[in-house]
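Chains as they are written, first to last, in my numbering: chain C, 1 to 244; chain D, 1 to 244.
In case anyone wonders, no lab produced these hints; they're calculated from the structure.
No experiment lies behind these values; they were computed from the predicted model shown.
Incorrect hints may have been included.
[Unchecked claim] Quick list of the computed label-pair ranges, beta carbon to beta carbon:
(1) P20/D x D54/C: 29 to 37 Å
(2) E215/D x N139/C: 36 to 44 Å
(3) A187/C x Q60/D: 46 to 54 Å
(4) S99/D x L102/C: 54 to 62 Å
(5) P142/D x G185/C: 32 to 40 Å
(6) M207/D x D211/C: 45 to 53 Å
(7) M207/D x K148/C: 26 to 34 Å
(8) K201/C x G43/D: 32 to 40 Å
(9) D211/C x T168/D: 40 to 48 Å
(10) T2/D x N139/C: 42 to 50 Å
Glycine included, C-beta positions come from ideal geometry on N, C-alpha and C.
There are 2 protein chains.
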Amino acid sequence: MTGSLTIAGLGPGDTALITPEVSTALAEATDVLGYAAYVARVGPREGLRLHPSDNRMELQRAGEALKLAAEGRNVVVVSSGDPGVFAMAAAVFEALENSPELRDLPIRVLPGVTAMLAAAARAGAPLGHDFCAINLSDNLKPWTVIEKRLRLAAEADFAIAIYNPRSTSRPDGFARALDILEDAGCADRTTIFARAVTTPKERIEMMPLRDARPEMADMTTLVIVGNSATRRIGRWVYAPRRAS
Amino acid sequence: MTGSLTIAGLGPGDTALITPEVSTALAEATDVLGYAAYVARVGPREGLRLHPSDNRMELQRAGEALKLAAEGRNVVVVSSGDPGVFAMAAAVFEALENSPELRDLPIRVLPGVTAMLAAAARAGAPLGHDFCAINLSDNLKPWTVIEKRLRLAAEADFAIAIYNPRSTSRPDGFARALDILEDAGCADRTTIFARAVTTPKERIEMMPLRDARPEMADMTTLVIVGNSATRRIGRWVYAPRRAS
Chain C
1 MTGSLTIAGL GPGDTALITP EVSTALAEAT DVLGYAAYVA RVGPREGLRL
51 HPSDNRMELQ RAGEALKLAA EGRNVVVVSS GDPGVFAMAA AVFEALENSP
101 ELRDLPIRVL PGVTAMLAAA ARAGAPLGHD FCAINLSDNL KPWTVIEKRL
151 RLAAEADFAI AIYNPRSTSR PDGFARALDI LEDAGCADRT TIFARAVTTP
201 KERIEMMPLR DARPEMADMT TLVIVGNSAT RRIGRWVYAP RRAS
Chain D
1 MTGSLTIAGL GPGDTALITP EVSTALAEAT DVLGYAAYVA RVGPREGLRL
51 HPSDNRMELQ RAGEALKLAA EGRNVVVVSS GDPGVFAMAA AVFEALENSP
101 ELRDLPIRVL PGVTAMLAAA ARAGAPLGHD FCAINLSDNL KPWTVIEKRL
151 RLAAEADFAI AIYNPRSTSR PDGFARALDI LEDAGCADRT TIFARAVTTP
201 KERIEMMPLR DARPEMADMT TLVIVGNSAT RRIGRWVYAP RRAS
């Protein structure tokens, strides 16, 4: 019996944002692996084994998923949002590179609505012009790289989506990021804090970057810094198509 | 009677990638507006008026949608992919800015799976690390801005998703973009051409940037240029989580 491995994105939170493709994959799975908070979003049913694990266990989880698939199970690894954006897909391919004997395993990546798209939708259209996405977690890259990218993104006048701005283990990075962007000439730029977007705890706040405070972000927040042409009209914010 | 305006993303092509939220909005619509090729993806039914229009009519279409909503219709404006990424949401807010009397109209933006996420999923995980998205259409911005952003994106070592690389009205821009990226030191970078992704005409090709040719892209192609750390394993390509 041949198993399979599917890496699926659950979207930002609301079940109405899970694609039918992902729902079908979950209905056919024998095993679901992922960070506990995401596995909890998958309903239990007979014949389905749930394998929740801790955050930061990505590579180990990916190896376990490959092993189960090689044993003939139909495995789904779940991520929040899109699995290819700062999530499990890269970890699975890293594990696959370490296990050459498994390279013929049937693997699929199923895309999802990543947090910045849901956050942008709630705010209006701040990503309607060229933009970038930067993960502020420095667990896996040096802060010098993050700082360089923030400065170049400001110079390029990209709208900037900031993933993982702040966690209890990294309380200071986001404050530095705000300082760097202000120093790079972004003080006037409209900044959006989208917390727990599409969930009952959703909260959207907007202000010029100079008024943004680090404590406005937590682990569930996606931050978007608009480009220099971004406009506010009433409760909406958008990047004009004819920007800069 | 109060109308409403919903700006919805249909995803990259496969109906299994349309979110239930968008399907519900389409089921409740009285009017659907959009570029003809996207409106054609919405099934006709009794009580639903379809308003297909030409490409490049974005602002006029947005104004018409606002007008219909103000008349009490339940209007859905459809985009391919995500409506907030190089699509109709920005045009609607631009039209709204021009019509202050309509600012209290109920408006919603419903996110979707944008092309780069579907393309990345087919290829593996090339957007697993920091990345940017650049629209190569120069209808709405000067080429100097595009060139500057490409150079800064290369310097920042972002993976680069290129939307609208080439059309019959703009045959040369993509060739210039490839030259700029090669000149900026990206010749070795893995480059992915994802054509008509998730449709029956899908075709995925990968090669080092130096071997990429402008004619490999057409209007339905999304191009991803990997970052400098991007790796290929068998048929997969991914950006390591510990990049550069």
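Comparing the hints with the structure gives:
1. P20/D x D54/C: 29 to 37 Å: This hint holds: roughly 30 Å between Cβ atoms.
2. E215/D x N139/C: 36 to 44 Å: Once the Cβ atoms are compared, 42 Å apart, the range 36 to 44 Å for N139/C and E215/D holds.
3. A187/C x Q60/D: 46 to 54 Å: Violated - the Cβ-Cβ distance for A187/C and Q60/D, about 36 Å, lies outside 46 to 54 Å.
4. S99/D x L102/C: 54 to 62 Å: holds, 57 Å
5. P142/D x G185/C: 32 to 40 Å: Roughly 20 Å apart at Cβ, these two residues miss the hinted range, so it is violated.
6. M207/D x D211/C: 45 to 53 Å: Check passed, 47 Å falls within 45 to 53 Å.
7. M207/D x K148/C: 26 to 34 Å: About 28 Å separates the Cβ atoms of M207/D and K148/C, which means 26 to 34 Å holds.
8. K201/C x G43/D: 32 to 40 Å: holds, 36 Å
9. D211/C x T168/D: 40 to 48 Å: holds, 46 Å
10. T2/D x N139/C: 42 to 50 Å: The hinted range 42 to 50 Å holds for T2/D and N139/C, with Cβ atoms some 48 Å apart.
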